[in-house]
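**Student:** Chain residues, written in single-letter form:
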Amino acid sequence: EAQVTQNPRYLITVTGKKLTVTCSQNMNHEYMSWYRQDPGLGLRQIYYSMNVEVTDKGDVPEGYKVSRKEKRNFPLILESPSPNQTSLYFCASGLSYEQYFGPGTRLTVT
Amino acid sequence: GENVEQHPSTLSVQEGDSAVIKCTYSDSASNYFPWYKQELGKRPQLIIDIRSNVGEKKDQRIAVTLNKTAKHFSLHITETQPEDSAVYFCAATPREGSYIPTFGRGTSLIVHP
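Those protein sequences? They're chains A and B, same order as listed.
In this text, residue positions in the first sequence follow our numbering: the first is 110, and each later residue adds one.
In this text, residue positions in the second sequence follow our numbering: the first is 42, and each later residue adds one.
One or more hints might be untrue.
[To be verified] Part of the chain A face toward chain B, derived, beta carbon under 7 angstroms:
| hint | residue |
| --- | --- |
| 1 | Leu128 |
| 2 | Asp147 |
| 3 | Gly151 |
| 4 | Tyr206 |
If you are wondering where the hints come from, they were derived from the structure by calculation, not from laboratory data.
It should be emphasised that the depicted structure is a prediction, and the values quoted were computed from it without experimental measurement.
Cβ coordinates follow ideal geometry from the N, Cα and C atoms, glycine included.
Excised from the complex, chain B in its bound form:
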């Protein structure tokens, strides 16, 4: 089955800095890579996703890149703000028609004012 590794487990930055979270996956058939944000005490919510036919996707201050050859994808947050502090999960979804994601273990991002 799919295996997703996520690094780092904790990331501490100063407000205004950039943050990068990296994930690798094992199943070359995976074709959809979402990122979820979980604020303290709340449910995970989708913030951005990328499909295997795209190398990069941006949405305001967040962007995701995908390297299918190397089987890794990354989340980039620019100009971080204290409200970006949360746990971020990456996931990989293999096989067309199977919406069964495998999640990474999460990255706790702390943005210091």
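Excised from the complex, chain A in its bound form:
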């Protein structure tokens, strides 16, 4: 089954404790990205990757890191999470224009 998976789905953590949210797709898509969704602000892009070893900043990259060592994986890293990073995070992948979203990760930073 073609899909985008994210783990964990829910995470509660404390300020400053490094965390990684994994994203994996099995559709051989070149394009992958990360979004955060906040009430009233819609979907804002954090980082995107056009291919392996190629990443670039989106609209709200501050406080986040990504890596793309393999085509199928695109982890999101929060080196020192802060409460303002409490949000719903979506990973997405695509071959061209259409994007396929993962199920989302709800992150709470206390």
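Given chain A, put chain B in place with the hints provided.
**Tutor:** Showing chain B alone in chain A's frame:
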């Protein structure tokens, strides 16, 4: 960069009525305009899209129109049903070969039975 404005932020209709959501964009190079539907607690999913060489596209009860001169596009849902209740996002994708969409802030559509 691209800027996408979406209105209204909330839309409440009675079952059977029509619903219209409007978006404007700023980058004249944008050439692909998808609409995503996000049901409560679920991921956004593509429901319809339109490219810049087309003025209108229909798929059963939903349709999208595009006015490139005015830089705006709209989603039309006819004969709304309670299962149409969701958040709808428009997006604009600029530059051929760059699949980097900019999303609007979303419209919460509520269809009352």
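**Student:** Give a verdict on every hint.
**Tutor:** Structure-based check of each hint:
1. Leu128: violated, 21 angstroms
2. Asp147: violated, 10 angstroms
3. Gly151: Result: holds, 4 angstroms to nearest chain B Cβ.
4. Tyr206: Since the shortest Cβ distance to chain B is 5 angstroms, the answer is holds.
Hints 1 and 2 from the list above are not met by this structure, while the remaining hints are.
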